[in-house]
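Asker: Chain by chain, the residues run as shown.
Protein chains: 4
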Amino acid sequence: MRPIQPRIRLFLSAKRQFSCSHHRREIRSVSELPDRIIPRYQESLHNDLLCLQWPSPPRNVFFIKKENVPAVTDAVIEFSKHVHSSYPSTAMIFENKVASEIHDRLPFPVYTSAADRDTATLELQPKVDLTVTLGGDGTILHAASLFSATNSVPPVLSFSMGTLGFLGEWKYHEYKRAFREVYMSGSGPGDRCAQLTPEKMDESSGAGSVSPEWSSLRGKFMGEARPARVLLRNRLKVGVFDSAGHRINASSDGNLAPKIGGDIHAMNEVIIHRGQDPHLAVVEIFICGRLLTEAVADGIIISTPTGSTAYSLSSGGSIIHPLVPSLLLTPICPRSLSFRPLVVPSSMNITLRISDKNRGRGLELSVDGVRRNHGVDIGTEIHVRGEQLRCRDGVFTSGIPSIVRGTHSTGATGDDGWVGGLNGLLKFNYPFGEA
Amino acid sequence: MRPIQPRIRLFLSAKRQFSCSHHRREIRSVSELPDRIIPRYQESLHNDLLCLQWPSPPRNVFFIKKENVPAVTDAVIEFSKHVHSSYPSTAMIFENKVASEIHDRLPFPVYTSAADRDTATLELQPKVDLTVTLGGDGTILHAASLFSATNSVPPVLSFSMGTLGFLGEWKYHEYKRAFREVYMSGSGPGDRCAQLTPEKMDESSGAGSVSPEWSSLRGKFMGEARPARVLLRNRLKVGVFDSAGHRINASSDGNLAPKIGGDIHAMNEVIIHRGQDPHLAVVEIFICGRLLTEAVADGIIISTPTGSTAYSLSSGGSIIHPLVPSLLLTPICPRSLSFRPLVVPSSMNITLRISDKNRGRGLELSVDGVRRNHGVDIGTEIHVRGEQLRCRDGVFTSGIPSIVRGTHSTGATGDDGWVGGLNGLLKFNYPFGEA
Amino acid sequence: MRPIQPRIRLFLSAKRQFSCSHHRREIRSVSELPDRIIPRYQESLHNDLLCLQWPSPPRNVFFIKKENVPAVTDAVIEFSKHVHSSYPSTAMIFENKVASEIHDRLPFPVYTSAADRDTATLELQPKVDLTVTLGGDGTILHAASLFSATNSVPPVLSFSMGTLGFLGEWKYHEYKRAFREVYMSGSGPGDRCAQLTPEKMDESSGAGSVSPEWSSLRGKFMGEARPARVLLRNRLKVGVFDSAGHRINASSDGNLAPKIGGDIHAMNEVIIHRGQDPHLAVVEIFICGRLLTEAVADGIIISTPTGSTAYSLSSGGSIIHPLVPSLLLTPICPRSLSFRPLVVPSSMNITLRISDKNRGRGLELSVDGVRRNHGVDIGTEIHVRGEQLRCRDGVFTSGIPSIVRGTHSTGATGDDGWVGGLNGLLKFNYPFGEA
Amino acid sequence: MRPIQPRIRLFLSAKRQFSCSHHRREIRSVSELPDRIIPRYQESLHNDLLCLQWPSPPRNVFFIKKENVPAVTDAVIEFSKHVHSSYPSTAMIFENKVASEIHDRLPFPVYTSAADRDTATLELQPKVDLTVTLGGDGTILHAASLFSATNSVPPVLSFSMGTLGFLGEWKYHEYKRAFREVYMSGSGPGDRCAQLTPEKMDESSGAGSVSPEWSSLRGKFMGEARPARVLLRNRLKVGVFDSAGHRINASSDGNLAPKIGGDIHAMNEVIIHRGQDPHLAVVEIFICGRLLTEAVADGIIISTPTGSTAYSLSSGGSIIHPLVPSLLLTPICPRSLSFRPLVVPSSMNITLRISDKNRGRGLELSVDGVRRNHGVDIGTEIHVRGEQLRCRDGVFTSGIPSIVRGTHSTGATGDDGWVGGLNGLLKFNYPFGEA
Ligand SMILES: NC(=O)C1=CN([C@@H]2O[C@H](COP(=O)(O)OP(=O)(O)OC[C@H]3O[C@@H](n4cnc5c(N)ncnc54)[C@H](O)[C@@H]3O)[C@@H](O)[C@H]2O)C=CC1
Ligand SMILES: NC(=O)C1=CN([C@@H]2O[C@H](COP(=O)(O)OP(=O)(O)OC[C@H]3O[C@@H](n4cnc5c(N)ncnc54)[C@H](O)[C@@H]3O)[C@@H](O)[C@H]2O)C=CC1
Ligand SMILES: NC(=O)C1=CN([C@@H]2O[C@H](COP(=O)(O)OP(=O)(O)OC[C@H]3O[C@@H](n4cnc5c(N)ncnc54)[C@H](O)[C@@H]3O)[C@@H](O)[C@H]2O)C=CC1
Ligand SMILES: NC(=O)C1=CN([C@@H]2O[C@H](COP(=O)(O)OP(=O)(O)OC[C@H]3O[C@@H](n4cnc5c(N)ncnc54)[C@H](O)[C@@H]3O)[C@@H](O)[C@H]2O)C=CC1
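Protein chains in written order, with the UniProt record's numbering: chain P, 1 to 435; chain W, 1 to 435; chain E, 1 to 435; chain D, 1 to 435.
One or more of the hints may lead you astray.
It does not matter which identical chain is used: a pair holds within one copy or between any two.
[Stated by the list, open to error] 25 Å max Cα-Cα, derived DSS-like pairs, lysine-lysine:
1. K66 <-> K357
2. K176 <-> K357
3. K171 <-> K357
Please keep in mind that the hints were generated in silico from the structure rather than gathered at the bench. Values in this document were obtained by computation on a predicted structure and should not be read as measured data.
Produce the complete structure using the sequences and hints provided.
Answerer: Okay, structure coming up:
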């Protein structure tokens, strides 16, 4: 058994204080919390966004923040205090390191998981109802990585701090309204979610018996709640196999795949790159088992549509709307005049094989910007396919449910913010001439 | 009423000869034929291709050929003679001009429609069971254009003559095998189409009662028939509206929209272009009603995935597999450093509006390479959205069902030929170095 | 002989009024003016710009303005009035149409050329000392086209009106300073032009004998004059030959080449394009007589470095600094994955040949945005090579000498404004993130 | 002082054997050889290639070969034997490691330099008359790197072994003819080099007194010698400075700059890259001291026109003919939609500064594919400018004089092989359709 780490010990001692009369400044284990509540995502008539519908109010809120930025730390404290006081039955979860950093600035107990990443992943998955991120796109990618081994990711509410990112939907100052919208979503008949299926909402969500948390809040906030709208971002499923065809699992120090085995999920992309080796990489690419080509290049990107505005964009890929069920294959600096980026259905398998022509060296594998280069040697195969949106009776159980920020003024509830992001953030088709 | 054109007259006189004893060299009206047989397209387990299933054998075969190439004319004669003799209950349909050109070289009556394009369209749609094209991609596009006003396009079997095209699947010398495969498809229990839904095939296709045409052929050809595999190519739906919001219909001389009104369908793309005007075009682009950008460019392409290897490719667009349900927006020579091609879900509407900044002139509109520039003035709006694949009980009623050529040797029945086309035809990622 | 056109007649009658006592509102012939003064362009030590050096003050100023914009007309009137009153020995030349439009708003006689373009060209070349343009890039291109048949183009001082262009250096409100800088350039020993060759300036410019116009102005303006800095923009030389190898000269109605015969010069580019024909153009490209490739495309651009930020940029070409002695070959929407833009030395000949594969139709030829499509049929050859900078004893006799706007504050006299234009106008590498 | 390495020792002992009667299998020091003969490069009338003119026959031939390929080793032995027997007054020089490897397979003494790279560089520069490379482009780059600290590089005759490279002009089987052409070049009046300057060749090359080596060979080879044609490839000059502005010289273990100090020259390019760090690099780019932009990217390439077909091509740069005097600035995967490759005159300085925004880490610097990352930390500046072609009286003293392979059959002596390379090697504009 692995030695207990300092932070875990702190947490254990906190646990021992249970009988104490004052709960504040405590760090508790996330395992003490009730299991997560699985929300439904209802299709709506007029657009491709889904309506978030909690069967009962969310209870376990997981805050993830950007590291080493004091202003973000202050924000997460302010935010969690607000949630604690306005929604008293919610519990606040933080990453282990963050819990240690901030728990004594909070007047209520905080929950955390093990410091060890794999264990944390196992502990968090069954508990988290809602993830809140404060930071940039990197923070959201990090949050996604903590759920990279599960199909059922809790909804993510993300706030950009400082520079606005492309994935982060909300501005921090909107946090009260945003949280309320998510918390109340699906709480009652007033929801304006025009449903595709005319089935009775009441029944499906426990007719009539609106939870007391919701009813009490109803009174407080005037007006009806608008349901939170969700963009289901599909991920990649990535499996790594050695030349003998065996799945490469993580050793204690590696992080190629979670201990649990199986595929890892990527929100943006998986990349094979020459890394610091100044020589070209050689990668064989197969689509549905058929050899497409042998790429001689700096690297190869397999990206989700979400990732089409990340590395793939820099490498010349097209911009793909996140709801196009597809995989992008974009080369990085290919040594060819005729390697055009490809887009295939997300149902097709793409395999990257590290060619024997790489003169003995391995290549670098990274997922969502994090290097995972344990064992990516010659002959190694990376198997990639798109996560399939599985929808049974309106319950989608895949993808990353990202809460979309509405443009209230216009009432254009179908607006998924994508066009706005292209113009505002990417300076898409920025016109010539003096500003 | 419009005057009867020479060719129509020929046809009318042919009609009068009905009582004659010898039927050969006749030209008859397609309207005399029985109504078309609607096939089913069955999903299969292992791939994204569909299995063609005729409830009973096809009867009305429509041959379309490239113009002005004697070798192609010879081929269409040879081909139709073969069909006539091997599948005696089939009728051969040709375009009006072609019927006049070749009927006296054929020992059986041929069928045709009116010379007038709009009338032809109306006459052909309810009759054609199967379209066979001989020529290049342009011939297929032309065939598609004849069904551009209907949702339910008959399956297309296309042979490349001379230079191999990207859309044309079959080589001419395979015509006997290809036709037989299509004709027999779905004829019996031997079909190797692993079905997704375990429902009894027999029932759905009229249990037990295999049609006599099929049974007699069964004997002749040894071995079981492999079902024809179909790639359902989604089209664009294009509507043109004047600045007052009225749909622009075709006048007698124009061809903006079929007389029947409603949208036209495009297999490759719809394009707005500056044409011969040496000045830049200005086009406003809206996605789902929201202004994306004002494009200053040579033109704008809205393309299907099928069209991604056509004009869009030349303009820098990515290559999209035909089964990704999407629309491509690719600029032609945009006056901006930051106009990257976009790909959106096929369910989203894209509107192109001819901006007032075009200094009074109109722009050129073309659909699948054919100019349709009647009335594309300032303020005109082109509304485009993707055809939605509609599937009810295994009957898809949209898209262009294109018969895919199999690679028999490998038995890889899931191979849709796309990867092969990239390598063989587009010279995708063609390696450096002396051949 | 061609009939005298209305405007010419006006001009002739103006001529008859010579004996009249009041010269104002007159339109005189440019042929009455003294011959132009050829300036020298001196290389300087620290940068690639040249110093303009008049042997004696310029006298004949040619104003060219954008058409149909009242504000620009007002500006040209204000500007020419200023020049008339501050530099009394200068004469104002306008294009024929403009002269008619504005002469009665000016209190002094104006000069003009024939309305007929070819004749105008012949008349203007020997007379114009300095061209001043007011408008956009199109106005500068038009000015250049009037000198497209000569090697020795007078310096161009260009002001942008309204939207800032990439070629137009100066803002209109700077007109007084700009004109003075150009007028005085090379007038005396105070010039800060660090010369490469240490030869005595006094001798070369007529030692000691500073012209009276200059001396009188010296007193007026305090401080020493800074010499005007010149960017010599190299042009293309374009010859059009029929399939028999004969140079195609302009008929009376065409404008392929000036009547004078010989090559025409292009400032931006020469383009072969499919025009309104929806089918691909086929063009054979030769470099130094050797077949490079057969291009199947919308068109082909041969551009100067100056034109690299015009159409070539939209077609994917790199941005080339105007002083790189080169020609760009950029395809427009080529039907190939592997047609990368090329840059060759300006000394190399490029020939475009309209291929026989164009199915009988001709293609469109345009030079600097103006169509010149008389006779560009199958077999026609377009011969292009770069204008060679000829420099003998510091006298450059080629290129378009464009007066560059200095950044006075920084004193960076070597700054040619190119980097500023990339950032300010083209939004080069515009950063992501909310503005 | 550094310990004598094994190979040097071998060489020293070889030296001691000088008095021995048999010279074979010896390894001697290159310093014993006579000083190199500086050839002239004469401009010719009809093209941009230069004519190589030896004042007297070359004596010291430096063979460089690809490592670890037995066939290449065999070739170099065969080749040097041929030179030894046919041109008896020549001496064969090899790299230290190669000399040890092959000297005992050669029946004559070989010359070499110190094993230490910096010392080797110092020893070779004053001695080598002609460099012969056998291998690929990498071998030529390596050869160039050995002369990267000098302006005056001896001519390079390069043979491709196996895969044909873009820089390597000759096929190995042509080695006899090729060597003879180079050896005899400028040997007499029969040279067909049409000279630009009509000065007497005889005088300049020592009138009348044709060297005995040449006269004896004249007899042997029938026919007149054609002069070798030279493509002068311009290089980059690269200086690396720390944030305090001090030039960073090489420590004993680094290789940033030769011990001799001063700039290093690059044949292809200099690159700043994020290397294995998965985060974007931030680099400030200055042109002529003016801030162009802050690049956020994988890296930045500053390339010669020669290097335009190397990494820059893969990163989207245009293809530039090697004789265009320019520098290319090509970004690698820039995080911007509007970073287009730039081309500036080779006389302009480009400075890359490692921005403070790189979060503390350094970046990777590489020159011609070799990493030289000692000290490329935040604040480090890379100063780059193009080597200026210096020509005084027909003696060019800069660039890499590369012997061009002629196409004898055509007699097109002006053909520099560039167009052929685009088509044959890069598959430029490779046409669609089945091969
Ligand atoms: N040359 C390039 O463009 C490179 C891009 N990356 C991208 O960075 C990602 C990792 O992000 P960080 O850890 O923050 O690394 P980072 O600190 O290097 O920043 C990456 C940048 O990409 C942006 N970004 C991330 N995902 C995005 C998305 N889906 N759409 C639009 N922009 C997005 C971020 O806002 C940030 O500006 C990787 O998944 C990869 O896509 C990584 C290396 C090089
Ligand atoms: N610069 C360009 O690339 C241009 C392309 N076109 C394309 O041509 C099409 C019309 O075809 P034609 O009447 O035969 O005109 P065409 O005779 O000008 O030939 C167009 C070429 O495109 C090919 N093509 C057509 N559809 C394709 C597809 N989906 N994928 C790959 N290649 C395809 C054809 O094989 C042919 O080589 C238009 O729909 C448009 O996409 C039209 C004009 C310019
Ligand atoms: N798709 C495109 O980018 C097209 C570009 N053009 C360009 O337009 C030029 C003719 O100009 P106009 O008569 O004003 O036509 P125009 O009214 O269509 O405007 C052309 C645009 O190009 C700009 N421009 C012209 N020369 C430039 C240069 N050297 N660098 C940067 N920008 C430049 C002008 O400022 C204007 O914005 C042609 O020489 C051609 O280069 C012409 C047609 C299409
Ligand atoms: N993604 C890419 O395209 C990369 C390219 N390189 C290039 O490789 C060069 C170093 O060459 P090696 O040591 O052989 O590395 P290498 O073994 O990685 O091969 C580089 C390839 O580039 C080719 N090459 C080199 N110089 C060329 C030129 N001027 N024009 C056309 N092709 C050229 C070579 O033939 C070889 O195929 C670097 O100078 C850099 O330009 C290096 C890393 C990545």
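Asker: Next step is simple, just say for each hint if it's right about the structure.
Answerer: Now for the hints, and whether the structure bears them out:
1. K66 <-> K357: between (40 Å within a copy, 17 Å between copies)
2. K176 <-> K357: neither (56 Å within a copy, 33 Å between copies)
3. K171 <-> K357: between (49 Å within a copy, 24 Å between copies)
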